[in-house]
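*Asks:* Sequence:
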Amino acid sequence: MRYLTMERTPDLQSPVAVLAFTGWNDAANAASNAARFVVRRLGARRFASMEAEPFYAFTETRPSVRLDSSGERQLTWPGNEFYYARTEGDSPDYVIGIGAEPNLRWRTFSQEFMELFDTLDVSMVVSLGALIGEASHRRPIGVTGSAANPELAAQLDLQRSRYEGPTGIVGILHYALQEASRPSASLWATVPHYITGEQCPPATLAVLQRLERLLGTSFNLGELETASDRFRDQLDTTIAGDPQMRSYLERLESALAEVEEEEAASDPLPEATDLVGDIEEFLRGNSEDD
Numbered sequence: 021m022r023y024l025t026m027e028r029t030p031d032l033q034s035p036v037a038v039l040a041f042t043g044w045n046d047a048a049n050a051a052s053n054a055a056r057f058v059v060r061r062l063g064a065r066r067f068a069s070m071e072a073e074p075f076y077a078f079t080e081t082r083p084s085v086r087l088d089s090s091g092e093r094q095l096t097w098p099g100n101e102f103y104y105a106r107t108e109g110d111s112p113d114y115v116i117g118i119g120a121e122p123n124l125r126w127r128t129f130s131q132e133f134m135e136l137f138d139t140l141d142v143s144m145v146v147s148l149g150a151l152i153g154e155a156s157h158r159r160p161i162g163v164t165g166s167a168a169n170p171e172l173a174a175q176l177d178l179q180r181s182r183y184e185g186p187t188g189i190v191g192i193l194h195y196a197l198q199e200a201s202r203p204s205a206s207l208w209a210t211v212p213h214y215i216t217g218e219q220c221p222p223a224t225l226a227v228l229q230r231l232e233r234l235l236g237t238s239f240n241l242g243e244l245e246t247a248s249d250r251f252r253d254q255l256d257t258t259i260a261g262d263p264q265m266r267s268y269l270e271r272l273e274s275a276l277a278e279v280e281e282e283e284a285a286s287d288p289l290p291e292a293t294d295l296v297g298d299i300e301e302f303l304r305g306n307s308e309d310d
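Read in this note's numbering, the sequence shown has 76 at position 56, and its numbers run on one by one without any break.
No wet-lab data here; the hints were simulated from the structure.
Distance ranges between label pairs, derived from CB positions:
no.: 1; residue 1: Pro170; residue 2: Glu92; range: 50 to 58 Å
no.: 2; residue 1: Ser84; residue 2: Val279; range: 36 to 44 Å
no.: 3; residue 1: Arg180; residue 2: Ser84; range: 35 to 43 Å
no.: 4; residue 1: Trp44; residue 2: Val279; range: 21 to 29 Å
no.: 5; residue 1: Ala200; residue 2: Glu243; range: 32 to 40 Å
no.: 6; residue 1: Gly162; residue 2: Thr187; range: 17 to 25 Å
no.: 7; residue 1: Arg93; residue 2: Glu73; range: 14 to 22 Å
no.: 8; residue 1: Arg125; residue 2: Glu101; range: 12 to 20 Å
no.: 9; residue 1: Glu92; residue 2: Arg233; range: 42 to 50 Å
no.: 10; residue 1: Arg61; residue 2: Leu87; range: 24 to 32 Å
no.: 11; residue 1: Pro83; residue 2: Glu171; range: 37 to 45 Å
no.: 12; residue 1: Arg93; residue 2: Thr246; range: 31 to 39 Å
no.: 13; residue 1: Asp256; residue 2: Glu218; range: 16 to 24 Å
no.: 14; residue 1: Glu92; residue 2: Thr257; range: 33 to 41 Å
Just so you know, even glycine gets a beta-carbon here, dropped at the ideal spot from N, CA and C.
Sequences are here, hints too, so could you generate the full structure?
*Replies:* If you want it as structure tokens, here you go:
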């Protein structure tokens with residue numbers, strides 16, 4: 021591993037690796053927040069990090085500056101960090117990777133991950149993602165799961181991946197995993213397209229619930245369930261005050277119901293762009309609390 025530095029080599033028993041990348045495949049930060057929740061819930065400890073310089077164009081994925089408690093400026097570079105957690109009983113040990121999708125050298129980047137998985141004898145890799153789609157916050161957030169290997173897909177009650185088209189680093193990693201015959205699966209939440217803020221607790225919750233079922237474990241999601249209920253209630257309050265937004269959401273839900281019944285919607289939905297201003301303002305003001 022040329023660019024991945026291990027501060028320690030954790031003693032783990034065939035761990036499951038859970039990965040999340042910020043960027044286009046992380047709508048409303050639902051996937052990366054899910055991975056961070058797992059880190060906090062399991063008390064996972066950082067053990068490795070990826071060097072940023074070879075993989076990022078900093079004019080596209082910029083470093084960030086913040087002030088610490090003493091008022092000093094702290095600079096954070098984009099990158100990837102890895103955490104580990106040991107568990108008891110039937111639950112697996114974990115490796116959790118959280119970082120930004122790289123801009124450069126995707127093959128080399130993927131190879132660094134593969135070497136880490138070999139070093140730790142990772143038994144399965146699960147990537148988390150979230151995309152914007154036509155969905156309603158008042159309905160259960162949909163999570164699709166897929167695996168390239170048909171036997172694994174059947175075993176874990178997932179679909180076999182049939183996607184064709186442009187891909188991101190998640191697709192590149194899963195291809196490398198498939199070539200290496202290392203089991204892997206991918207979970208994707210659908211974030212309602214009118215939620216344009218930095219948080220969507222219901223989507224984060226949906227990802228974690230599906231991950232629990234996939235791995236046969238529990239992450240104690242009560243705190244996140246409460247945050248999701250509060251988020252929905254506050255969003256309902258915002259929408260109730262705008263007849264146009266309320267009407268749009270009713271039409272959206274009607275169309276979604278027709279799709280579920282395998283019936284084509286009679287009329288195309290109107291553009292949502294003009295209807296999200298108030299929601300975006302609400303989300304910006306409430307993202308920290310939620």
